Amino acid sequence: MSLKERGKRWILFGILLALLIVAPHVLDPYRRYILTELLMWGLFALGFDIIFGKTGLLNFGMSSFFGMGSYGFVLAVYHLHVNLWGGLLAAILVSLVFSILVGLLITRFASHYFVVFTIVISMILFLLAMNLREFTGGDEGIIIRLRTLPLGPWDVSLRSAITKYYIILGVVGTAFFLVLKFFDSPLGRAIVAVKENEERAKMIGYDTARLKLISFALSGTVAGLAGGLYPILNNNTNAEIFFWILSGKAVLWSVVGGVGTLWGPFIGAGILVYAEDLLSSWLINIYPILVGGLLIIIILLAPKGILGTIQSALMERALQKS
Amino acid sequence: MKGKKKGGWTRRDFVKTAAVGTGVMAAGISFPAVITRAGTKDPIRIGCLMDITGALYTFGIWGERSTRAAVDRINAQGGINGRPIKLFVEDSATNVQTALRKLRKLIMEDRCDFILGPCNSGIAISAAPQVESMDTIFFSWGTSAAITGKKGNRYIFRGINNVRHGTIALGKVALKHVGKRYYCLGADYEWGRSLIAEFRKVIDAEGGEFKGEEFSPVGTEDFLPYLNKINPKEVDILVAGYFTADLLKLARQASEKGLIKHMEIIGGAMPTGLTVEDLGPAAEHIWFTAYGLRRIANIPEAYRPFNKVYRDAIGLDDEGRSIKDGKMAAVSYSWAAWEHVFWVKRGIEKSGWRSKDDNEKFMKALEGMSVEASVEFPQGPKTMRAQDHQVFTDQYVTKIEGGKFVVKGVVKAEDLMYEPEVDYTKQKI
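Protein sequences, first through last, are from chains A and B.
Quick note: the first sequence uses the working numbering, first residue 126, plus one each step.
Quick note: the second sequence uses the working numbering, first residue 22, plus one each step.
No wet-lab data here; the hints were simulated from the structure.
The model shown is predicted, which means the values in this text are computed figures rather than measured ones.
It is possible that some hints are incorrect.
As the list claims (entries may be wrong) - Coverage of chain B stretches by chain A, computed from C-beta distances (three or more under 8 Å per stretch; other residues unrestricted):
#	segment
1	106 to 114
2	126 to 132
3	147 to 156
4	402 to 415
The C-beta atom is built at its ideal place from N, Cα and C for all residues, glycine as well.
Throw the hints in and build the complete structure from the sequences for me.
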């Protein structure tokens with residue numbers, strides 16, 4: 126990426142950030158809530174984009190990491206009485222350790238086995254979470270009450286939806302920025318090289334197994350961090366978040382937004398969640414068919430996802446010009 | 022004009038305009054609040070959040086129809102305290118994440134005063150902290166005991182009995198009619214074990230004679246190794262801690278083994294949306310608990326005319342099937358969705374509720390309220406216990422005999438009492 130292009134990207138990032146900072150004061154409470162939720166789901170789908178879009182490993186068990194992060198947060202708050210920061214730290218640590226352990230086990234497998242293992246792990250976790258009700262609350266979940274957020278000498282009330290929005294924006298923005306920086310670094314580029322051609326990457330001396338493990342751990346930790354945001358937004362978590370449907374959503378959001386673009390998952394989550402929300406209110410009995418139809422249309426018109434297709438078109442135009 | 026370009030703005034113009042604009046905005050913000058307090062003809066906004074799609078759609082569809090029919094009835098009769106009801110319906114998709122978004126939509130965007138929630142217990146529990154923080158009263162017809170326990174709060178009301186009532190009723194009726202010697206067999210995980218433990222408490226208190234217990238791994242296909250451990254001559258009741266599909270499998274295998282001649286199985290709640298034919302012959306050996314009755318002929322005669330009005334309003338026949346397509350409905354539960362609308366009506370009428378500012382008055386009005394059987398409460402008389410906002414009403418025990426569900430016993434509300442886990446009346450609003 127040229128210096129000029131990189132500059133453009135950071136300007137875009139800055140404009141977007143400025144808009145997101147202003148947004149909660151312009152939007153009505155419900156739109157503000159949707160936007161808060163979309164930031165969280167976008168971060169979750171970003172986790173999938175890291176492992177699939179940037180590394181080429183199809184992880185159909187993303188809900189495992191989201192769930193581990195979410196329960197890491199809730200159990201730390203519930204049992205250890207830590208504050209919001211402690212909860213988020215617990216979410217990161219739990220999902221990081223979990224993804225390293227799982228990654229050590231499965232990143233060496235060939236693609237088909239890898240996919241099957243990710244599904245199996247998420248189903249095992251779902252069943253465990255449903256059955257260990259004393260520990261997880263099962264489908265009823267665990268309710269937590271976070272009253273304040275310690276910020277230096279101040280305690281900020283968490284009753285305000287705007288405060289929650291800014292916390293989630295801050296976490297998502299920071300995580301996204303770090304992921305962008307990571308894939309701009311030599312290590313990040315080496316991971317992409319594994320996706321492009323693993324054999325060639327091996328030939329030039331990369332330890333591809335290690336690179337895949339790093340990417341797997343990063344992906345799981347990002348998804349787990351998103352899981353840690355879930356109880357901040359909803360004051361609870363439950364076993365349902367381990368269910369495969371949530372993994373499927375991460376895949377859909379990334380595919381619709383543009384796999385491998387890192388920005389795409391946010392766009393995909395935004396379009397699909399918002400479309401479903403609107404359609405389900407207007408046409409309550411037939412909306413699942415309409416959402417499915419919309420999905421087919423997007424995939425037919427933009428096979429690389431919305432952002433992927435735009436990027437391809439821009440690149441083609443630039444090539445033609447040159 | 023001095024100091025001002027044609028078509029331009031001076032600082033004074035800007036300040037004036039900003040002042041006027043701010044005034045208009047302030048008026049705009051405060052005006053609705055004034056209207057709400059003063060405008061007695063404004064509609065009461067009720068949100069109906071149901072599982073219209075997803076795993077529990079049978080409940081959701083009939084819950085929505087019941088709610089709509091009740092609202093139409095009230096509106097046709099002039100509304101509540103002269104105010105019509107405006108109903109907003111949203112689909113939870115039987116999914117907690119979707120439900121929480123829709124809940125917020127109903128409260129934040131549609132400005133609903135009350136939410137009539139789905140029969141999904143997980144959604145009700147997840148909704149509890151949200152409705153509390155958004156100062157909105159929520160009714161649930163989920164049957165998990167926790168909804169009106171430590172996971173609930175003062176904003177949550179439930180107009181249907183819960184699983185504890187079902188267990189108490191099954192235990193009492195089976196001991197009276199079948200025998201005292203019992204053996205427990207359940208799924209080896211928390212739910213199965215806790216259900217068995219709950220049954221044991223009830224049956225032991227009633228003088229039952231415990232003969233042993235066994236737990237099978239989740240997903241067991243072959244129950245014979247477990248059934249073989251039971252001495253049929255020593256056991257009258259087999260207490261089963263399984264969901265319906267496994268319960269039917271167990272009953273079928275027990276029947277094939279010939280155990281059923283000597284003992285009866287007591288299990289969970291009456292299956293919803295399934296006909297007697299769907300359940301198969303093995304179901305004839307199971308005693309189910311029921312929150313309501315699907316066949317009108319089984320309903321106590323005094324309540325039957327009220328129940329008939331309810332069924333006509335939502336398009337159900339006397340067997341609990343949809344008149345439109347003949348499919349079995351969720352009528353043993355969906356009456357609660359109808360009654361919830363009337364709980365709102367009674368609460369508003371008694372408390373004089375006019376806006377959310379009066380929520381505490383509404384809560385106090387409903388806490389401890391008793392209602393008689395009527396068109397508004399077609400399932401029968403009931404009391405909303407003050408401490409935990411849990412309704413107490415008669416609980417039925419049914420069984421299939423001769424291809425039809427028959428009532429084997431009714432346990433009165435006063436015999437279903439248990440100690441409340443919480444006292445919401447002490448919760449400050």
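Status of the hints after comparison with the structure:
no. : hint       : in the structure
1   : 106 to 114 : holds (count 4)
2   : 126 to 132 : holds (count 3)
3   : 147 to 156 : holds (count 5)
4   : 402 to 415 : violated (count 0)
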